[in-house]
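Engineer: Residues per chain are reported as follows:
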Amino acid sequence: MIAVIGLVIGVVGGLLLQPTVPVELQPYLPIAVVAALDALFGGLRAMLDGIFDDRVFLISFLSNVVVAALIVFLGDQLGVGTQLSTAVVVVLGIRIFSNAAAIRRHLFKA
Amino acid sequence: MSTRHGSSEPPRSPDASMTLLNEVYRRPLDPGYAEATARRAAGTGPRRTWRSTAGMVLLAMGLGLGATAATLALRQPAGAVLAARELLEAQIEQRRAEADEQQADITAMTDEIARLQEELLGDEGQSVRDEIAGDSVHSGVTAVTGPGLRLVLTDAQAENLDEEDPELRVQDVDLQVVVNGLWAAGAEAVAVNGQRLTAMTAIRSAGDAVLVDLVALSSPYTVDAVGDAVSMQTELARASAGQHLATLRTTYGIGVQMTSQSKLELPGTGLVTLHEAEVPDATSAPEPQSGAVRDASGQSLVAGSAGPTRRDGT
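Same order as they appear, the protein sequences are chains A and B.
Following our numbering, the numbering of the first sequence begins with 1 at its first residue and continues without gaps.
Following our numbering, the numbering of the second sequence begins with 111 at its first residue and continues without gaps.
Think of the hints as simulated: they come from the structure by calculation, not from any bench.
All figures in this text were calculated on a predicted structure; none of them were measured in a lab.
Note that CB positions come from ideal geometry on N, CA and C, so glycine has one too.
There could be a bad hint or two in this list.
What follows is a list of derived Cβ distance ranges for each label pair [as the list claims (entries may be wrong)]: (1) A:Leu74 <-> B:Ala207: 49 to 59 Å; (2) B:Arg136 <-> A:Leu74: 25 to 35 Å; (3) A:Val89 <-> B:Pro124: 45 to 55 Å; (4) B:Arg161 <-> A:Leu16: 21 to 31 Å; (5) B:Gly172 <-> A:Val89: 37 to 47 Å; (6) A:Leu70 <-> B:Ala164: 22 to 32 Å; (7) A:Leu25 <-> B:Ala218: 50 to 60 Å; (8) A:Val90 <-> B:Gly172: 23 to 33 Å; (9) B:Met128 <-> A:Val23: 21 to 31 Å; (10) A:Leu70 <-> B:Thr264: 29 to 39 Å.
Chain A extracted, bound-state conformation (with noise of 0.2 Å):
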């Protein structure tokens, strides 16, 4: 629940504050944001199971988040971006759909 609470501070400090992300930051960023979705949706998911951990939490929150930017680097790097780009997309994009029709089957039992 601290994980959660915590989450919620800094969503709200970002809100207020407007923080302004790095140039060279730019590129990662909606990679990032879908990964950050991913492990929101894993977390709530346990949340309803009743397994969920704080530190298991955040720690794939932050992996998740920092995995895919590295990919995107790399691929960046090596002249494929685009195409590892839309893999991450598409396999974290299966994970959100079938983890958001769990957290569904719980709350509407259907």
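Since chain A is already given, all that's left is putting chain B on it; use the hints.
Structural biologist: Same frame as chain A, but now just chain B:
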């Protein structure tokens, strides 16, 4: 395969080739959650200290802040770019409408001028009418069609493509020499790449480009001259322009092609700007020629280059 290993190997599932997709689709949840729960149930999980809790809160706050900043950064520029684009589009449309309106004005006024001129001349003004027709050809106002000479100047191909040698390019001075040579050879109307030359035209260079009346042109330069093709060709060859062209061809490798055309169509500038100048008072201005510029009708030499002439072959 399975016979060699005996029955120890589990039966191969029919969708074994789709392990990656299955892995992604069937186990979307991070297995870490289940493991953590199992560890907690077994009592082997990491112990919570105040330090690790504070670290987790800080990490969570940082992640939330970062994610929010990223989302904001992704959303903001799209809106700004869109707004700028819409603004530019609106401006373009507005200016285009203004230009259309003004073009319509110009056409209407030109028609009115022609009508008034016709009215003024009446029946007896035939000689004046002929003079006007001749002058409007010389001054480049009206479009001209007729036989003539076509000269095509092409930049020389550099041996080393990385190295741009300005000497290998057709320069403003070359075009000036050619055009002046054509005027001298009896051309009635001259155009460079479709830009009609008038007495007020300047051929200059700005950087790599050759400007004709402030329009940037690039190689190949097509110089069209309406007139007697045969006599122009011989006159041109006899004059210094002919030597200049020969030098360009032999020394610098610039392509020079001269063809006589049975029909050339030269556009008119369609615009007459009347300039008025007075000879200044002799007592007030010691140099009377400083302000005296007479406007232009008829042939005259093309105004000179803005920079020093660099070519020294002629």
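Engineer: Compare the structure with each hint and give your call.
Structural biologist: Outcome of the hint check:
no.	hint	in the structure
1	A:Leu74 <-> B:Ala207: 49 to 59 Å	51 Å, holds
2	B:Arg136 <-> A:Leu74: 25 to 35 Å	28 Å, holds
3	A:Val89 <-> B:Pro124: 45 to 55 Å	29 Å, violated
4	B:Arg161 <-> A:Leu16: 21 to 31 Å	28 Å, holds
5	B:Gly172 <-> A:Val89: 37 to 47 Å	24 Å, violated
6	A:Leu70 <-> B:Ala164: 22 to 32 Å	27 Å, holds
7	A:Leu25 <-> B:Ala218: 50 to 60 Å	59 Å, holds
8	A:Val90 <-> B:Gly172: 23 to 33 Å	28 Å, holds
9	B:Met128 <-> A:Val23: 21 to 31 Å	41 Å, violated
10	A:Leu70 <-> B:Thr264: 29 to 39 Å	52 Å, violated
In this structure, the earlier hints numbered 3, 5, 9, 10 are contradicted, and the remaining ones agree with it.
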